[in-house]
Structure formats: C-alpha cells, structure tokens
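Following the hints, complete the assembly by docking chain B onto the known chain A.
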Amino acid sequence: GAVVSQHPSWVICKSGTSVKIECRSLDFQATTMFWYRQFPKQSLMLMATSNEGSKATYEQGVEKDKFLINHASLTLSTLTVTSAHPEDSSFYICSASPPGWNEQFFGPGTRLTVL
Amino acid sequence: EDQVTQSPEALRLQEGESSSLNCSYTVSGLRGLFWYRQDPGKGPEFLFTLYSAGEEKEKERLKATLTKKESFLHITAPKPEDSATYLCAVQAAGKGGGNKLTFGTGTQLKVEL
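Heads up: the protein sequence lines correspond to chains A and B, in order. Heads up: the first sequence begins at 6 in this note's numbering, then just goes up one per residue. Heads up: the second sequence begins at 183 in this note's numbering, then just goes up one per residue.
These aren't lab readings, by the way, just hints derived from the structure by calculation. Please note that a few of the clues may not be correct.
[Stated by the list, open to error] Pulled a few chain B residues facing chain A out of the computed Cβ check, cut under 7 Å:
hint: 1; residue: P226
hint: 2; residue: G236
hint: 3; residue: N281
hint: 4; residue: F285
hint: 5; residue: T287
hint: 6; residue: G288
Every residue, glycine too, gets a C-beta built ideally from N, C-alpha and C.
The following block holds chain A by itself, in its conformation from the complex (with noise of 0.2 Å):
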C-alpha cells in the first residue's frame, strides 16, 4: 500500500518551455501531496504544498508563477514548469500521505534536464 508514482521519469526540453509532471496516489486519496527538488549531492527541499481543491502553498523563495501546481482530484496532483531554463534542471519529486498519517510516501521522482 501506499503507492506513489510520477509520469515522465525524465524529461529533456528546451530553454523558454513549459513542461508538466504528473504525480499520483495509487492505492489512496491524497488531500496534499507535496513537491520537492533535489539537486546533485543535496538533499530535499520542499518547494510546495499542493492541496486539492484550493491554491497551493509555496515555500519562501519559490515563484509560484514559474511553478503552476494543479491538484485538481484526490488522487492527481501536477507540476508545470514554465518557460524552463538551464538552471531549474533537477530532480523533482513528490509525495503524499494516506488519509490519518504522517508518513510521506514519495514517488520515483523525475529528472530534468533543460537544454
């Protein structure tokens, strides 16, 4: 149980392209799933919370209008990257929690890669 995945795996674009990742809870229903970037040798860093239904909640420091969250059914949640250059190239995870529990479970992630 509690089962998370993440659609591409990898992605190649171009500078000045949008690019949408898609994050799914398989076995439950996520109310908030959230959205991380880890660069080389780093650990997570939270970039937003996504709650269904409603805006999501973005960390200092992130512009939210570079990073349109969608989280438009409990069990959905997307992350478009937009007009994306070389520097947002990464590896962007996410994560959810089963209804009641403070676990996250984390998808397989997906690696940018901006040209």
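Relative to chain A, chain B alone:
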C-alpha cells in the same frame, strides 16, 4: 526554524562492520522523526517513524532510536545491498503546514565486500 543535521556525510564500511548514523535536530515541538533510504536516481523509501524519546524501531539490520535532541540509525552487520543515502527528516507539531517535512542532507553509506 526547524533544523536537521546528519553525520557523517559519507561512511564506508566493510561487510559485517556495524556502525551508527547520527541525526541531530531542533524543532519547535516534535510531531515525528522519519528515516528514509534513497538509492541513486530514485525517490526516498520510507523506513521508520519515531515519535517520542526512548522509542526504538527495528527492521532487518536497521534499528532507529530517538532522544530529545537526536536520532541514531544503527546498522548491524551490513551487506553491500545496504549501500544508499539515508535521510532523516522531522515534522513539527502544531504548524499550519500539516505534514511538512524538514530533511537533513543525508549520510551516503557504502558497504564493501
């Protein structure tokens, strides 16, 4: 501000050589402390949750313990397949962020034959 510091940054062990990883934390009211394992290019895999000082959890060769200031992940007789980065995270009680986690930078463990 919640802070998590892990040590050492990297650890190389021989197969069967037991050791411990440290996670020191400061948090304004601990709801839970979590240990995860992360393999290269993958998302973190949940290992343990600890809620109060004195609590211990075990799984195969791993045992996690908790005090009011730190947590230890003890690895007994490790095998090469235990090689990974081990991440510690804390969750603060009573904040509007819900289940928000603050992670340490991890300990990269390499177990050699």
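Hint compliance check: list the failing hint numbers for this structure, sorted ascending.
2
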